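Colleague: Sequence:
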Amino acid sequence: MTSYQTGGPAYRDVEAEPLTGNGSTPIATSTTTPSWKKYGMGAALLALVGYVAINSSSPFQNAVSTDVPSSHYSVVPTLGHGHHAKKSEDEETELFDERRRFIVRDFDSRSTFSNFLPGVAGVFGKPVWSFYVNRGQGLASFGLASKDFPIMEFNTANKAYQVTPYVGFRTFVQGVRGGHKSKEDGVSFLMEPFSPLNSKVEGVEDESKPDRTMFVGTNEMEILEVDNVHGVTTK
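In terms of our numbering, the sequence shown is residues 269 to 503.
In case anyone wonders, no lab produced these hints; they're calculated from the structure. Check before you lean on any hint, since a few could be wrong.
Stated by the list, open to error - In silico lysine-lysine, BS3-like type, Cα no more than 25 Å apart, as pairs:
hint : residue 1 : residue 2
1    : 503       : 477
2    : 415       : 468
3    : 427       : 415
4    : 394       : 415
5    : 427       : 468
Claimed, not checked - Each pair of labels, with its calculated beta carbon distance range:
hint : residue 1 : residue 2 : range
6    : 361       : 317       : 21 to 31 Å
7    : 320       : 470       : 46 to 56 Å
8    : 362       : 310       : 53 to 63 Å
9    : 318       : 485       : 29 to 39 Å
10   : 439       : 487       : 54 to 64 Å
11   : 487       : 318       : 52 to 62 Å
12   : 363       : 312       : 48 to 58 Å
13   : 366       : 441       : 51 to 61 Å
14   : 488       : 454       : 11 to 21 Å
15   : 363       : 454       : 39 to 49 Å
16   : 415       : 454       : 41 to 51 Å
In this text, all values refer to a predicted model and were calculated from it rather than measured experimentally. Backbone N, C-alpha and C define an ideal beta-carbon position, used for all residues, glycine too.
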């Protein structure tokens, strides 16, 4: 038998003859889908619908809620002057006050932290800022535009933790207890609120030390001291 490649041009020009009836029977093709495939597709569809229905009625879906109940935030009661107010367990664990400010109890005995409070003074005012730490009376520095233009000397945080209670804002209170006519009738006292000498030791209950609280908001910081020994509240 001569192959097509070696048979010469005559073989390449001859057209192929179609198959006659004596040849092999052509293969029949069918466009219809077998019945077993239909049943398989139907079963898969039913399984999918059942899975979706079970998930939509799952009891765990209603157990998750992203809303925080308002009862989680309760108002911190006002502390009295000169009274040893017994704080409940709930009050000790409250994180926010009625103005949604974060509460830091005994702030000056906690681990050190610092932050900036940005702000704008009036319509045509200059941008102002303040830098505070959880030592002393808090405010460590403030100024205009940036820390390169301070009104009060700016110190980095690691230094501000040490010097703020001594070279920052300080308050001294002198008074007389029990006097009616003159100073000699009563007992005079001199005290410094937020003094580091009266700071509590973290984890140690000491009623002779004042209670100090810091309230931190988005654009504000406030400190409070209740001295039960002298009956003085400083805010």
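Colleague: If any of the earlier hints don't hold here, list their numbers in rising order.
Modeller: 2, 6, 9, 10, 13 and 14
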